[in-house]
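Chains as they are written, first to last, in our numbering: chain A, 20 to 172; chain B, 1145 to 1921; chain C, 0 to 280.
By construction, these hints were calculated from the structure, which means they are not laboratory data. Glycine included, C-beta positions come from ideal geometry on N, C-alpha and C. It is possible that some hints are incorrect.
As the list claims (entries may be wrong) - One-sided excerpt, in silico: chain B residues whose CB lies under 8 Å from chain C:
hint, residue
1, 1269
2, 1426
3, 1553
4, 1842
5, 1907
Claimed, not checked - Here are the simulated lysine-lysine pairs, DSS-like style, with alpha carbons at most 30 Å apart:
hint, chain 1, residue 1, chain 2, residue 2
6, A, 102, C, 26
7, A, 47, C, 26
8, B, 1702, B, 1290
9, B, 1180, B, 1415
10, A, 68, A, 107
11, C, 39, A, 81
12, B, 1415, A, 107
13, B, 1415, A, 21
14, A, 68, A, 102
15, C, 39, A, 107
16, A, 152, C, 26
17, B, 1419, C, 39
18, B, 1460, B, 1910
19, C, 201, A, 68
20, B, 1180, C, 39
21, A, 152, A, 107
22, C, 26, A, 68
23, C, 39, A, 102
24, A, 68, A, 83
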Amino acid sequence: MKVSGSYVVPVPQERAYALLQDPAILTKCMPGCEGLDLIGENEYAMRMKMVLASVSGLFAGKVKISEANPPASFRLIVEGNGKIGFMKGEGLLTLSPSGDGTNVQYEGDVHVGGTIANVGQRLLDTTARMLIKRFFEKLASEAGQSERRLAAD
Amino acid sequence: MATTISKPETLVGKSIRRQEDPRLITGTATYLDDIKMPGMHHACIVRSPHGAARIRSVNTAAALALPGVAAVFTGADIKDLGAVPTASSLPGLRVPHHHLLAQDRVYYAGHPVAVVVATDRYIAADAADLVEVDYEPTPAVADPEKALAPGAPAVHPQWPDNIAFTFHQEGGDTAQAFRDAEVVVKQRITSQRLIPTAIETRGVVAEWRQGDKAVTMYSSTQIPHLLRTICAAILGMPENHLRVITPEVGGGFGSKLNVYAEEALMCFIAKRIGKPVKWVESRRENFQCTIHGRGHVDYYELAAKRDGTMLGLKLKLIQDLGAYHQLLTPAIPTLSVLMMPGLYKFKSITADIIGTFTNCVPTDAYRGAGRPEATHGIERMVDILAAELKMDPVEIRRKNFVGKDEFPYATTTGLTYDSGNYGAPLDKALAAVDYAARREEQVEARKAGRLMGIGISAYGEICAMGPSAAMPAGGWESATVKIEPSGKVTVMTGASPHGQGEETTFAQIAADELGVDINDVMVVHGDTSVVQYGIGTFGSRGTAVGGAALFYALQELKAKIRKFGVMLLGSENVALVGGSCVDQETGKSVSFAEMVTAAHHAKTLPPNTQPGLVATHFWEPPNFTFPFGAHIVVTEVDRDTGAIQIRRYVAVDDCGKVINPLLVSGQVHGGVAQGLGQALWEEAVYDDDAQLVSGELTDYALPRAHFMPFIESSHTETPSPVNPLGVKGVGEAGTIGCSPAVVNSVVDALAPLGVRHIDMPLTPQKIWKLIQAGGHA
Amino acid sequence: MIPQSFEYTAPQTLKEALALIEGGERKILAGGMSLIPLMKLRLAQPAEVVDLGRVPGLNYISETDGVVRIGAMSTHHAVETSPVLRAHCPLLAETAAMIGDPQVRNMGTMGGSIAHADPAADYPASLVALEARIRLVSAHSERTVEASEFFQDAFTTSLEPGEIVLEVEVPVEPSNEGSRYEKFAHPASGFAVVGVAARIRKSGDRIAMARIGVTGMGTHAFRDRAAEQVLESGGTIADAAAIVGAGEQPNSDLFASADYRLHLARIHAARALTAALSRAS
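I would like the entire structure built from these sequences, with the hints used as guidance.
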């Protein structure tokens, strides 16, 4: 499944790039993420609890950042495995200035398997878009807060 | 002693309601999952979620620790057992070793990896979730054409080209036909993967009887005897220590014409744990792990004269086999090749099959098994040729039909069509739909901007499978008829039916032949310890082969009964009339009961005659039968949404002599429903990672009752000379005739937009896109 | 198809039920038409399930003071066949009649359906078009939200943990109003590929009021105010239908791509509006 889109984060590009590499921020913004533990260079083990209406599942996986080209672009790889299925998403995030903020454009490919792929076809696209939207909305709000903290310092 | 005997009304040819229906519709029949046994355990199978992966490890500790879990078996436990075999033998066929449970790799999503056995099915399911399998996913390929492309992932690493076999067949001089051609039309035509979806999923109960050192296996199968032979071989046990009982079977459509790993596994487990064990397939497993049907990509070329005379046909057939060969997997496309000429007089054909491995569940026989694909191909090509030549599709068919005086007719594919009158059902269907009026209506509709189509298919089938020389494991069938001392008649057929209604049709035949009441006849099937060996029910063979065996057994029994009549009447000049034996000179008679009693009490016996009244006949058919018919479908396409409305559905079938018109209509109706399913709605979709994304009934659109058009079905009768009943078989006819008629109709509706072919299923989105591309006519 | 084991409680009063679900950990079972299949697939694995089936007083459809009140446990069949709704809110009865199949309609409930908030469910289109209000209750609070506020995202509503849907309030459709629900059903699931609910009131020859609710298109049902505006300011049905869903990102699946889905929404909007107009007097 191809995913693409863009969101604006209300912080300058360098700052936005730094936030997107920050495991604490990623933990807060990735829906269901309960923690990232560094296991290698730019590579984290992830625990995730997805809850969507009645559906819930625990996933264990990895988050990896590669092809880092600060502050312009990087590749984000997310993998998760759980009893209800597994997913692997890989996408290129490209940052560019947009007014006072930063436009984050993403383009990637998501592979889903197991029960969620076999029976959830009708809702995969909707769900993927909703989760991405939640990620960026949270990121925008976290970015706003971090800006205010920076301003206060 | 009665002196006046009137021959009772015959039952053959009459619409008799099914004897089996009261128990089926009142919930008093016994299906596999109704079986309960003391101490019975339940199995749940752990299956691969990946289309292709290496198995690094399987950890069963947590599952075994769950209270109630009796055992967990993995690939290591069964590696010395035999493989799930294929009965197909083609030259050079590559046969992957099909273990009962995966060893170091999995080859499709759903591949069984481990089995958990517990005291109830809830614990078994919970424990299955606790089995930890560490997979290393590897690249997978689900599309057969992609599998054949250079550099594609190898389904089986030892065969990097993914080719299981190639098969070439040629009849006549195709090269010459194409040189002589004035017009050649070409088309790529697919027949998508379908999921058979019997209402009752598969299921197995196995019981180890320690004292007898024997296993009793209950399985929802179409082939109890073949299952016993093959399972015994897999397990390495004496065949006569394995008894297979088939309870009521809730549909098969070919998907239970197979021997599955789970059947042997449950026997193995029952013996290992010393307890009965039950496994019932879930619907998700049914979708992922029971065979699929079809899976063709066909490239056709048709050579013809400008006057519409068809000369030659070429076919490159890419068969999606899936990851393994099940019982008949590689053989199914060869049936398509046999039937590729359809009802037409081709001077030459050339066919090449490329059997292709993919990381999908195997394909195998599904209602029609190779013939719907062939019929769809030829009937689409004939319409494409007609459009090219601007000929009426009826005219071009009539011009090329094998004539009714040309039978038996030898085809270029090596078959001998037994009998036929191809114009008869077509004429009847044309009259029923009032073809000329529909064409006039279409002219007006088109003027008004409406998209109305009329589609025809004139189809032929190969049924009554079949002569043993052409069948992998024998093609005969058996029947035993016993007359009990009380005069009740027990018929035992080796053709284990599963919804075909043979308890009724066979009782009709026996009642007529013996002159007894139909309610005095009981038809028994599906128990290898009770019923003599048989082949099974598939390939529209139940009545045409099993019924013929029954007919001959009845003749043998009647000859013996007559001997008792001769003895009791003291006259050689006697005849059996309506169950009694009548002295032709004196008119004196003895009743059926008197002769039966005499045979059983055996106070005196006719010369060279044994007591009792039992006859068994194993009948070897000398040929297949070749039913045929015509379907005409009138459709209207919603220009705005692409939705298709079926306005008329006319089905005229010729399946030879009709034993029970009600059952024949029922078979046609059910067959048409499944044909419509393929034409309009159903498709097993695997994504690029070989995940079955149409994995449940929420995405896989089966025909529902309220989707069905009214089916105007009728028959013509052209008896078969192959068997004494004159019957041909009808189980698959509706499906075979349906899909090309529907697609021809919709293509006809869209023809003003320049549409020439559409691949199934004809989803509204697909039609809408064609309408968008074609602009507005 | 066997769920994980779970605790099951069937409270006998609303108070007891609300106390049980306080904290939001326990899963609420209404008709079970969504939850039970998800549990059988093990996609949902609630540890505890609270069944509202035996709570009295949640199953009613009545009209007072121009408002029809529908108890949360009213089945789709009850909604479909209710004389009160047929008389006062035919749109909702018509919508219920198109849900799933008879088995689903006999078991499924309005409260369960809207709380589940499937993006392709039928009711939400009509509820937003009807400007319905949804009464929510918890052990400690009670509040009412507009339907268009209630449906927030896919499977996401404004229900807080510990809250349940108590009832749905629908203003009576005046007798001169015309309405219609048009749906393109998925042949397998029966869900709306798109569904459009339309209401129209006329003043002389012009359209005085138009309401358009759309489901199946995006993450949740929405009212298309821009298209309504076109009609209310003298535009034609074709003009209005042509902008339905503008700015939405339509869903895409095996059956219908985003562009086809948007097209279907517009076709069905035109059909629903045309039918509604013909019913208005």
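Query raised in the report: Within 30 Å, alpha carbon to alpha carbon, are residue 152 (chain A) and residue 107 (chain A)?
Result: With a Cα-Cα distance of about 18 Å, the restraint between residue 152 (chain A) and residue 107 (chain A) holds, given a limit of 30 Å.
Query raised in the report: CA of residue 1180 (chain B) to CA of residue 39 (chain C), is that 30 Å or under?
Result: holds (23 Å)
Query raised in the report: Under the criterion of a CB-CB separation shorter than 8 Å, is residue 1842 (chain B) in contact with chain C as hinted?
Result: Hint holds; residue 1842 (chain B) Cβ to chain C Cβ min 4 Å, cut 8 Å.
Requested in this report: Take the C-alpha atoms of residue 39 (chain C) and residue 81 (chain A), compute the straight-line distance between them, and say whether it is at most 30 Å.
Outcome: holds (29 Å)
**Report entry** Restraint check for residue 47 (chain A) with residue 26 (chain C), where alpha carbons must lie at most 30 Å apart
**Finding:** holds (25 Å)
**Report entry** Straight-line alpha-carbon gap residue 1419 (chain B) to residue 39 (chain C), limit 30 Å
**Finding:** With a Cα-Cα distance of about 27 Å, the restraint between residue 1419 (chain B) and residue 39 (chain C) holds, given a limit of 30 Å.
Query raised in the report: Quick one, are residue 68 (chain A) and residue 102 (chain A) close enough, alpha carbons at most 30 Å?
Result: holds (12 Å)
Query raised in the report: Does the structure keep residue 26 (chain C) and residue 68 (chain A) at a Cα separation of 30 Å or less?
Result: holds (17 Å)
Requested in this report: Assess, step by step, whether the Cα of residue 39 (chain C) is no farther than 30 Å from the Cα of residue 107 (chain A), and give holds or violated.
Outcome: With Cα atoms ~25 Å apart, residue 39 (chain C) and residue 107 (chain A) stay inside 30 Å; holds.
Query raised in the report: Is the hinted pair residue 201 (chain C) and residue 68 (chain A) satisfied, with a Cα-Cα distance of at most 30 Å?
Result: The given pair, whose Cα atoms are some 51 Å apart, is violated under the 30 Å limit.
Requested in this report: Sort out whether residue 1415 (chain B) lies within 30 Å of residue 1180 (chain B), counting only the CA atoms.
Outcome: holds (18 Å)
Query raised in the report: Going straight from one Cα to the other, do residue 152 (chain A) and residue 26 (chain C) come out at no more than 30 Å?
Result: Within the cut-off at roughly 26 Å; holds.
The structure fails hints 3, 8, 12, 13, 19 (numbered hints given earlier, in ascending order).
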